[in-house]
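Engineer: Chains V and W, in that order, give the protein sequences. My numbering numbers the first residue of the first sequence as 97 and each following residue consecutively. My numbering numbers the first residue of the second sequence as -18 and each following residue consecutively.
These aren't lab readings, by the way, just hints derived from the structure by calculation. From a predicted model like this one, the values you see are computed outputs, not experimental measurements. Possibly wrong hints are sitting among the right ones.
[What the hints assert, rightly or not] When the alpha-carbon atoms are kept at most 27 Å apart in a straight line, the in silico DSS-like pairs for lysine-lysine are as follows: (1) V:Lys317 - W:Lys22; (2) V:Lys317 - W:Lys20; (3) W:Lys(-4) - W:Lys124; (4) W:Lys22 - W:Lys(-4).
[What the hints assert, rightly or not] Which chain W residues face chain V? A few, computed with CB under 7 Å, are given here: (5) Leu81; (6) Glu168; (7) Ser169.
[Unchecked claim] Which stretches of chain V does chain W cover? Using the computed rule of at least three CB atoms under 8 Å from a CB of chain W, they are: (8) 106 to 117; (9) 126 to 140; (10) 151 to 157; (11) 160 to 167; (12) 223 to 229.
Each residue gets a CB set at the ideal place from its N, CA and C atoms; glycine is no exception.
Chain residues, written in single-letter form:
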Amino acid sequence: MDATISFTLNGRAVTVRTDPVRTLLEVLRNDLGLTGTKQGCDLEGECGACTVLLDGVPVRSCLTPVGKVEGREVLTVEGLGDPDRLHPLQKAFAETGAVQCGYCTPGMLMSSAALLARNPSPSRQAIIEALEGNLCRCTGYARIIAAVELAAARMRGESSPDGGAAQARPIGGDLLRVDIAERVTGRTQYVEDMPMPDALHMRVVRSPHLHARVVAIDTQKALEVPGVLRVLTAADIPGENSIEGYSKDETVLVPVGGTVKMVGDAVALVIATTPEAAQAGVAAVEVAYEPLPALLDPEEALAPNAVPIHADGNVLSTFAVTHGDANAALAASDAVVDVTYRTSYLEHATIEREAALGYIDEEGRITVVSGTHEPHWHRDFVAPVLGLEPSQVRVIMPPTGGSFGKRQDPWLVAATALAVYHMRRSVRIAYTRRESFDASPKRHPYVCRYTVGATRDGTLTGLRLRVTANTGAYDSGGYYIPNYAIVAGGGAYRWQGVDAFAQSVYTNGPKAGQMRGYGTPQSNFALECTLDEMIQRLGDDPVEFRLRNAIAQHETTWLGYPVAESLGYRQVLEAIRPRYQALETAARAFNESERNSPWRKGVGLAGMWYRFGKYGIPRVAAEAELGLDGRFVVYCSAPDYGQGTATVMVQLAAETLGVSRAAIRLVNADTATTLDSSVPGASRATYWVGGAVCRAVTALREVVAAVASEMLDCPPSAIVLADDRVMAGGDARRSVRLSEVAAEMERLGHSRKVTGVLDLRAQFPNYEREVYTPHFVTGAQVAEVLVNTTTGQARVTRVVAAHDVGHAINPRDAQGQIEGAIVMGLGAALMEEFVPGVTTGFSDYYIPTAKTMPDIEVILVEVPSYQGPFGAKGLGEAPILPTAPAIINAISRAVGARIREIPATPERILAAARRGGLR
Amino acid sequence: MTHYRIAASVEDALKILEEHGGEARIMAGGTDVMVDMHKGKIAPRCLVDITRIPELRAISVVGEAVQVGAAVSLAEIHRHPFIAQNVHVLAEAARSVGALPIQTAATWAGNIVQAMPAADGAIAALALQAEARIVDATGARWKPVEMLFVRPGVSAVDPCRQIITHIRFRVPSRLWGSAWARAGRRESLVLPTLNCGVSLRLHEDGTIAEAVIALGPVAPTPYRARDAEAFLRGKTPDAAAFAEAGCIITGDCNPRTSPARASREYRLALIPEMVTQALEAATRRAENRRSQS
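Please put together the full structure from these sequences, using the hints given.
Structural biologist: Below is the structure:
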């Protein structure tokens, strides 16, 4: 019945025999092994990652039946160029930092290639229009557009600087990423791309109910589906049915008699020989549910007679901070603002969906390859589920298509490990996009009530804060949310009195968990908007007001202790002051000249502080080794899901050793080969793991120098390292190869591998501070927004961002992180909202496109850290914090009325404009 | 398994349809058909690809008459010099569907046969008073596109038995202009909160000879604002007249609340703004065509 289809693929004739209605995407990936073309949505044409060229025209390969390409020419990213002969676009993408996680990159490249073939001199607008159908979640698009401009100029024969910078020093120069040639040519293998021909396929039976008791599970019909081998339920879990280490109340599979607490809760796992059979098996599993009353609103969940979602009631956790006398401070204020702000459920919407590959490794360990923030943590969560020791489980971090906190959830690793445990064979799973939306953790929606006082001269007095965070059905890492809500919610400001209380409340909404900034963007949004209300009330200036009230470096903060790292907030505000003033003046002039039009321009400012490094014992280890081949090998656990930490680790090691990056090999994030770096997330990799890497290579250098000095008959202090050799002083004639040094160490029985530890325990003896190291980065952003007061449509035209990042290890990647965070923050401010029961995927969850992108200017304010490697701090999350409040402040000022709920949809903006008397 | 047949001619396509007795389905770009098949909404036994039929691949402009073949992609439409410069409502509507890699495959006829109440191509077709040439075993006939919508998602054209081969409309060479207005939750790759297509012909004295206004999604099928059109006939094209037209439409149409996009109330608030915006742009273009000729 199959059809024979012949076409030209990347310049070569190919013939496939297959069902002609299968998508070109599936045939390319599964039949022809070209996995550079990616699938990001459920074959609905929503994301653009699968874009290929058909006779030179960009098409969605997920919407193209393979029968359509008969006799035609198909070009994929693999045919554009290869690592040794990059296409000018691939080269430009690599050099401009247009690639973070790389998952959207093949589609972006193909859309760009089609554009440049049609139009060698595209305008910026033409580039944006060519790319507006390709979603990217990491970069914020600016660098992608710059890359297309650079490639176009080179292809036109115009000279432009080579951005390779191979000769630049390892730190501080603009540097290519370590694995960039593979990323831009489609060679990087993400989990779904890894070949494993005999792997079984797993799909998940999930709850369609918000809240229901599982009365019975009948797997008989599913087991009769051809190809279905096994259906696993809670009864098949050999150890604990819990991922308690991460989520204190969450089961792996809801047992009979238990309750499903959200749509998407997992009830059973179906394992089959093909994905289709597994899916058919899922449909055939019969689960009898007894529906229970569902609660979606945390206020209702807190009511005295509310149905308890968990046995202990509906409050997961609380946290409070009291400082001074807030009541007295508020009572003595000249002005008090008392307002409530609300935020929505948000979805990470990484372009790669959740995927895992499990197998039994050569040493018999249950092994799972899947995106994670810390493989050791996942290993330790999973082993008890299987009733095994952690040493019997292995977790490996593969190249990963974005995280933003999404991949901290260990459920997928636990489920995959369970399947491998039972089947003793390799098993793979990839979520559908719909499943990813239903079942993965979201950002906690907050209700924040702020009562803020100030004196007439603009000095802050008291803060009363009440935060209710909706943690949804499970803890899912939401236990610590109240602490984060409050610390961010008070900001880098001097308060006379603080009375803050926050609670995390269960509902039957999707479980909320880790997402970029973990609990801080929501309260910072509310704080910075509330302050703007106060500033307007007082007729004050947004920059001067914040400067006047900013915490100084050495003073005791309202948290009860001083900060323990350099604090750059004043420098950040001073850096942004001239930009704010210029944009504000321009907006005034615009609004004056456009008095009779529906358009208003608003300019808003917001600041932030963000505590990076997270909780846990402030001690991190890494290892460094001199390989027998004479190369240096760094072993650490700094998972890179697109932010560029792998490159940073190599840079830090190379700079510390005084060698080039090529001399360093990185082994990263594999529980079988690297040390536990103890805590995941919180923008900690560069500061903490990087610090440990620097110490490890410093220790290794000492050992190497000691051995080499004997060989060269010189003092160890005279030893100079080069990429492949060791010299006595600067004398190249008196040298030995590093491989010879390694052999000598072997002969002497000297260990070639040493450990380095960054240990700040002495500095944080107190429990509370040990858990939360008071290390803060700061930033401020100005947003300029054009608002149509008759339709409520808003366009963010410009964002200027000043961030204290410490010493930037890779300035271009640091800027890229900030740009990406701004565009993600813009999404939260204007369009993103996960509505339980409504939102299904990319077709109704609106993330920014290239067309949404504002002009972004990044000002790196480099206030060196005291203890980070080369003065670096943590950056990845912080820049998302000021974006939404800056945008909302701009809109509120433009329309003359406050918007206190995000996203600020056109509908909400129009309502505000009417309140503001503009209609 | 579904068969895939690349039709060589309209006759060939009809023959394949007939062979399958209603279980084969016409397909052009496939951007909707493939999604509907994946979702299990349709399960044809055979797809009949009409995109290689030469006579369906052309856009012809003869005098005031424009004819677009059913296999012409939306990208080819909005890049067509005559359409880009003279038929703004169509060029901009074609540019609004999804994004470029969808417009390179999707077609105007396919967009119309999907019969969704806010299909950009359908709204533009109404504003142009376009006609579709429908061919089946009984022969060929031209029908106004406006007559082709039965209810949401159901077209009067049965893609398992009939083919739209061409769409045609007239572009008066003088005193005529068209415009497109669209609002969505973001600026691209999004279904419309509201879309509005307008064409407008002026008398020599500057008053309105004929206005055509179409909107979506404000009714179960693409909506034509006939009362407002009648009101505008003979009026001076100014803000007051446009505002009144907007009021008439607001009173007559019946938009729904869609939780992921917008409320009924917001759509109603948007209608007068979008209608005015489109009518103003169309008037400006019509007046420009006075000076051109």
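Engineer: Decide, hint by hint, whether the structure agrees.
Structural biologist: Taking the hints in turn, this is what the structure says about them:
{"no.": "1", "hint": "V:Lys317 - W:Lys22", "verdict": "holds, 24 Å"}
{"no.": "2", "hint": "V:Lys317 - W:Lys20", "verdict": "holds, 23 Å"}
{"no.": "3", "hint": "W:Lys(-4) - W:Lys124", "verdict": "holds, 22 Å"}
{"no.": "4", "hint": "W:Lys22 - W:Lys(-4)", "verdict": "holds, 25 Å"}
{"no.": "5", "hint": "Leu81", "verdict": "holds, 6 Å"}
{"no.": "6", "hint": "Glu168", "verdict": "holds, 4 Å"}
{"no.": "7", "hint": "Ser169", "verdict": "holds, 4 Å"}
{"no.": "8", "hint": "106 to 117", "verdict": "holds (count 3)"}
{"no.": "9", "hint": "126 to 140", "verdict": "holds (count 3)"}
{"no.": "10", "hint": "151 to 157", "verdict": "holds (count 4)"}
{"no.": "11", "hint": "160 to 167", "verdict": "holds (count 5)"}
{"no.": "12", "hint": "223 to 229", "verdict": "holds (count 4)"}
Of the numbered hints stated above, none is contradicted by the structure.
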